[in-house]
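With the hints as extra help, turn the sequences into a complete structure.
Number of protein chains: 4
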Amino acid sequence: MHAIGVDIGGTKIAAGVVDEKGQILAQTRVSTEPDDASSIDRAIAEVYRELSKDYEIGAVGLAAAGFVSSDRTSVNFAPNIAWRDYPIAARVGELIGTDVPIVVENDANAAGWAEFRFGVGRDASDMLMLTVGTGLGGAIIVGNQLVRGRWGVAAEVGHMRVVPSGHYCGCGHEGCWEQYASGSALVRDARAAAIARPREAAHLLDLVDGKADDINGPLVTMAAQSGDPLSIELLAELGRWIGEGAASVAALLDPELIVIGGGVGAAGDLLVKPAREAYGQALPARGHRPEARIDLAALGNEAGIVGAADLARS
Amino acid sequence: MHAIGVDIGGTKIAAGVVDEKGQILAQTRVSTEPDDASSIDRAIAEVYRELSKDYEIGAVGLAAAGFVSSDRTSVNFAPNIAWRDYPIAARVGELIGTDVPIVVENDANAAGWAEFRFGVGRDASDMLMLTVGTGLGGAIIVGNQLVRGRWGVAAEVGHMRVVPSGHYCGCGHEGCWEQYASGSALVRDARAAAIARPREAAHLLDLVDGKADDINGPLVTMAAQSGDPLSIELLAELGRWIGEGAASVAALLDPELIVIGGGVGAAGDLLVKPAREAYGQALPARGHRPEARIDLAALGNEAGIVGAADLARS
Amino acid sequence: MHAIGVDIGGTKIAAGVVDEKGQILAQTRVSTEPDDASSIDRAIAEVYRELSKDYEIGAVGLAAAGFVSSDRTSVNFAPNIAWRDYPIAARVGELIGTDVPIVVENDANAAGWAEFRFGVGRDASDMLMLTVGTGLGGAIIVGNQLVRGRWGVAAEVGHMRVVPSGHYCGCGHEGCWEQYASGSALVRDARAAAIARPREAAHLLDLVDGKADDINGPLVTMAAQSGDPLSIELLAELGRWIGEGAASVAALLDPELIVIGGGVGAAGDLLVKPAREAYGQALPARGHRPEARIDLAALGNEAGIVGAADLARS
Amino acid sequence: MHAIGVDIGGTKIAAGVVDEKGQILAQTRVSTEPDDASSIDRAIAEVYRELSKDYEIGAVGLAAAGFVSSDRTSVNFAPNIAWRDYPIAARVGELIGTDVPIVVENDANAAGWAEFRFGVGRDASDMLMLTVGTGLGGAIIVGNQLVRGRWGVAAEVGHMRVVPSGHYCGCGHEGCWEQYASGSALVRDARAAAIARPREAAHLLDLVDGKADDINGPLVTMAAQSGDPLSIELLAELGRWIGEGAASVAALLDPELIVIGGGVGAAGDLLVKPAREAYGQALPARGHRPEARIDLAALGNEAGIVGAADLARS
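Chains as they are written, first to last, in full-length UniProt numbering: chain F, 1 to 314; chain U, 1 to 314; chain X, 1 to 314; chain C, 1 to 314.
In case anyone wonders, no lab produced these hints; they're calculated from the structure. None of the values given here were measured: they were computed from a predicted structure. The beta-carbon is built from N, C-alpha and C at its ideal position, and this holds for glycine as well. Treat the hints with care, since some could be wrong.
Unchecked claim - Not the full set, but computed from the structure, chain U residues with beta-carbon under 8 Å of chain X:
{"hint": "1", "residue": "165"}
{"hint": "2", "residue": "192"}
{"hint": "3", "residue": "196"}
{"hint": "4", "residue": "286"}
{"hint": "5", "residue": "290"}
What the hints assert, rightly or not - Derived coverage of chain C by chain X (criterion: at least 3 residues anywhere in the stretch with Cβ under 8 Å from a Cβ of chain X; other residues may be distant):
{"hint": "6", "segment": "178 to 186"}
{"hint": "7", "segment": "250 to 264"}
Encoded structure:
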């Protein structure tokens, strides 16, 4: 059965027709207004009509950046889009006017599910997906099932606390994992190094004409790949926090695979190797248990579309 | 169908016939030698014969304090019993000589499962069990399923790290949750207070004739219940660590219920209220999501028997 | 002997004639440009001329917000004023044209010295001054001597690290004391509470029409004084960090008096009592040693003038 | 003037005649009973008589492992010797029967003072001494003066808190620096690694026939010197904690020299290099200030004798 997956971002939606092997057969995208929930509904209906012209569609999956209700029909809360207890499946259903099932999923869950079904996790049964981008998102697969939690809010991995009295987080708490294991953390650490360790930061600062505020994640990655010792150290530190946090998750869930996705994954081995090393050193009962693999995500930006479509089918 | 549940401790095994409602119909117990795995096998066979005389038994569940293989036939490693990759189900099967299915489960998982099926969690679908005894054990239920992990080692909740560079743990790591949220932590903190805050500890010290090393958990609980401010503070601190750690687990799993069992649970509200308060304050996205209940376990010491029997049936 | 004390701020200088009892006999103030070091020199010369008309002046003390050279003639670095290895004493001396000795001191040291000589510390020999304002500054008196350090940079108390991997600090490091024990910390914590604990923060939010970004320190203090539980808790938490950090300093220096000055001191007992309690609980070897008093500063904004004048005399 | 320095240990006292250049001209030692304070007095009198036969003695300095009164006449408290508010100078004076001045000093202060006057610190004015042995002791010199504090209890550097909720300390608190920067910390970390990282610990375990409890500090140092990567890492970690803690002290005191003494100093560059690197990275306002040297102590076990004698003279 073919399904449509829709990845709803703040300013645009991307959608595609996805077959049962996770292949995208057709794709489209539309601009939207984050402050106008009904405009998003209409945009989804529009892409549905466009994509369903040439394909028979059995289900529609919507990947939304927010807290999704456990019955997968509504978005209860979203930080960046004007959804508050919003019955998006019903609204889109009215606009579409067919009885094809419409299912909402959290976007990170959708992407993680795609990775699990069709990507690097396709042979795994228990998997932790970590999406290391601006923040730290994720998805959890336990016994081949996506963990949604009682109220659909599971896998907010970035808000596991890793340092008491640690860095402030936008969520109002301190010491959240995402403040240590994300692209934002990398950038802040690089800028802090420019102040506290100007000599070591000289190369990075050269790249931004001395303006520390212009340092960003891709720049640090690039500098690391060209051999800059401080940038290599910063990525290793980021990898260390990923690995150590993942070891805490492993104490709870005993996964066989930990997948690192998101923009920071572009750093490749400079990130993954330190993550693996830290994971091994921090894993409880190491030596008395098999050890999970840590691998980079195999799918790209379309993972949300693919996962939403696949989850809608099942 | 009736099943036998066997709870295997270091020095004795307790067993019972359990019906489908979780009732124990008959019960027995035998002494064993932790250093002699085959003597444990024989003891299990013995209780099986005794209990199966009067009941028709459809399954046998063994609750073992160790790492259980994911196919539920063997104990891969146990800290206190001489099991190393030990095929206990097969060994016991040979001794019993029938083809009744024999299934091994981790003992904390078994106890948690009993609580989930027949205790305070019987109406829940997603639950975190915390067994706060000498250490901190637990069980995790996700979507009505017990989480065993890929290799059977899930729910080692006590080894989630909560303080980087924190207290040493017997597992060789630092900052494990169980070093902050267990009876041992309570006792160590009480003894430390006797040194660092002798005035506030005067009442506790009186109870042990000034010998700080004689302070134990039940004593602190008793003193707290009789109004001793330091003991109340120590239990509240323990509750705080339980609640804050549980909030980290909730970031991952979004449970609807957190159950506090184990000996320290005897402190009741002196422990649970601070745990609830800390949980609420530390919960990510509070106010945008429902909040899990935190309750004391309803079942007693037989939970392991009941849970092992029930898991063997399914 | 009378001396002139000059407190040099970013946008204005305040100066006064100070007698040997620490009394200000005459006072004046002038606006300045932080980006123009020589304009500051001229302004100092101007206030000198004005104040020295009616008094015989034996010394001039300059209190500067920066790193002062150990020979007390220059400012080596200042975060907010255009001084880099700037021989301010010589420059001002040329403009004044007399041979009255001119001495530079760090402004926090000057204020602490005034408190030591004429304020709450006048009977003490070993004192720690903590100036809890936007940041956390301070001064250290050991054996009746101001501790300047080998290169004049001592008493940067706010940058003692209290939490590894803790809050980012503007200095480029993590976990500096001033990120936990300052007015800025209070404000950030209040704003974070508005996000993470909206119910408890309702009163504070009412005071700012729901705009969490408008919460400031005096508001929290006012709310606490009128009984708001969250504000009381926030000040107590701030006091706790002050007390615990001070206990670490006491491990090194064994002071008899810890003085809390700066704007946050306005909270009075709401701040000082928790600080005292935390100090006592965290003090090493408590019970085997006398315990330092913790008191509010007695002098006001003129402390810098008074201290600079007095230090210049000696 | 010649002076006698006496270093009083739990089971023996060592004493010597010291000239004004810090040279020991004659030396002796006697066994004592830690539980019998008066036997210690008599032993001191005995060594005094022996050493004063051939030298004219102008002063006697006693180095005591305890809290010394600020008038330097008594020991107020000692963890390992039966002194409680004990007027040791008067008692010894009665036994000696002359009016040569007798002065008590804390033993770590005495050793640090010797290093300052005659050792690696002889050209310094502001120095931090760290004695890294079983515990972490120290001495602080500010402006050429030994810092004794208001009540004689200064320089308990090992009890500065470096990790909130960190390792338990024998003092009853958590997270004391000495739990991270001492020989005991090194040994505990090595034993923990033997559990958590058995593969990397294989070489260390070989050296103790697999008995992790037999691992000690000199063994780790020896293994590190022969190239064992884990041992090198453990010493580097220890050095890191020394350096980072020292940077916190430097925020307060701005020393020009940090001296590492004690048994662990035998590790040499394997310890000192990581300490220097960590110090530099953690130093506040690095780049805007000169940076203290970190060097190994130059004097050996006689430092206590030499320092006590020299302090008694002044």
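We went through each hint and held it up to the structure:
1. 165: 6 Å, holds
2. 192: 11 Å, violated
3. 196: Holds, because the Cβ-Cβ distance from residue 196 of chain U to chain X comes to roughly 6 Å (cut-off 8 Å).
4. 286: Status holds, d = 6 Å.
5. 290: Check failed: Cβ of residue 290 of chain U comes no nearer than 15 Å to chain X, outside 8 Å.
6. 178 to 186: violated (count 0)
7. 250 to 264: holds (count 6)
The structure is inconsistent with the numbered hints 2, 5 and 6, although it conforms to all the rest.
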